[in-house]
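Asks: Chains as they are written, first to last, in my numbering: chain A, 1 to 316; chain B, 317 to 366.
There could be a bad hint or two in this list.
[Claimed, not checked] Derived lysine-lysine pairs resembling BS3-like cross-links, with alpha carbons at most 25 Å apart:
#1 A:K92 with B:K354
#2 A:K85 with B:K355
#3 B:K354 with A:K85
#4 A:K85 with B:K358
#5 B:K321 with A:K92
#6 A:K92 with B:K355
#7 B:K321 with A:K188
Treat the hints as calculated values from the structure; they're not laboratory data.
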Amino acid sequence: MFRWLVRRDLTLAWRRRADALSTLFFFVIVVSLFPLSIGPDTQLLRSIASGLVWVAALLASMLSLGRLFAGDYVDGTLEYASPGKFYPVASKMIPWFATAATILFIIGLYVGLFLAPRDFQQGEAYRVLFIHVPAAWMGMLLYILMAIYAGIGWAFNARLSSMMASSLSITGAMFTFLSLVTGSMWGKPTWGTWWVWDARTTSTLILLFLYIGFVSLQSAIDDPGRADRAGAVLALVGVINVPIIYFSVQWWNTLHQGATIRLVDKPTIAAPMLAAMLIMLAACWLYSIAVVLTRLCCTIIERERDVGWREEALTR
Amino acid sequence: MNWSKFFSMDGYAFYVWGSYALALVAMCGEVLLVVRRKKTLKRQLQNFSK
């Protein structure tokens, strides 16, 4: 399968070899210019060679960026960026995501509550983890997505993208609130208090306030265009907070434990626990897609009051 | 698999089941609100276009 894919892409590139060769040619020129301009000092050249090659390759690949979306533009996939066209697609997808989410929730809870073994230290109390960790992840992830969509909506004046940002905000706020509350419910038995001003808890609280700020800011402004722009500013300003939350456990010696799942080395928890957490995460992910798409459909209907396509949408 | 031990969760029942119940309420609440909103909008559309 992989070989077939590579061969197909190579034939495609070969058919439009002018683009491919011009990128390659540009790369060769840039790399060969440097020794000429800097001078024959091999010691210096050897030290800058690797970085230089990488930068030249990246810049060269930028050349073909223009053609990247030309194909999509021609065959009309870009049309789905218009709210009217995206509405039927979205409303068809929702039931699939909803059923998949419920199934995964059931499996995740079963594995988490029944199959996963007792924790040697916390006994059964740790089972709150299966809702606390996915909720925290989703809270952060949805904020990043919201900022990206808001940014795109603002930069390219794309209404659908800003609508997506406002639809994401409420689900993100719900998940962040959920992660804070389940965290404190878990903290009571293990840390002895409901709340502690720890690096991670405080930054997650800030994330929740950012969400609430976004939602209230958007609802305070009547004109959708201005509301989207104002929301985009707030979302983009607040996006710095997400890495702070994520790395807060490493930067400050906090009461909150370190990341349970590190991409680098073996996770520090038992396999069924890990499986249950990942299933629950997938379930939360599908759940948010379903809910956000539904809210997106509502926003599309609300905002497209005067557009003629809505009567036709009724028949779908 | 005795259920009483399972539900007691080593005495942490309140915390574990409390947070799960809260998660259930939060999620189902959000779903119901959104679905209700979509239904009312659809009904408005139908009346609007009649």
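Asks: For the pair we were handed, K321 of chain B and K92 of chain A, check the Cα-Cα distance against 25 Å.
Replies: violated, 44 Å
Asks: When you check the alpha-carbon spacing of K85 of chain A and K355 of chain B, does it fall within 25 Å?
Replies: With a Cα-Cα distance of about 20 Å, the restraint between K85 of chain A and K355 of chain B holds, given a limit of 25 Å.
Asks: Taking only the CA atoms, is the gap from K321 of chain B to K188 of chain A under or equal to 25 Å?
Replies: This hinted pair holds, its Cα atoms lying about 21 Å apart.
Asks: Does K92 of chain A pair with K355 of chain B here, judged by a C-alpha cut-off of 25 Å?
Replies: holds, 15 Å
Asks: For the pair supplied as a hint, K92 of chain A and K354 of chain B, is the alpha-carbon distance within the 25 Å limit?
Replies: Answer holds: K92 of chain A to K354 of chain B is near 14 Å, not above 25 Å.
Asks: Holds or violated: K85 of chain A with K358 of chain B, Cα cutoff 25 Å?
Replies: holds, 17 Å
Asks: Do the alpha carbons of K354 of chain B and K85 of chain A lie within 25 Å of each other, as the hint requires?
Replies: Distance ~18 Å between K354 of chain B and K85 of chain A Cα, so the pair holds.
Hint 5 alone, counting from the list given before, is not met by this structure.
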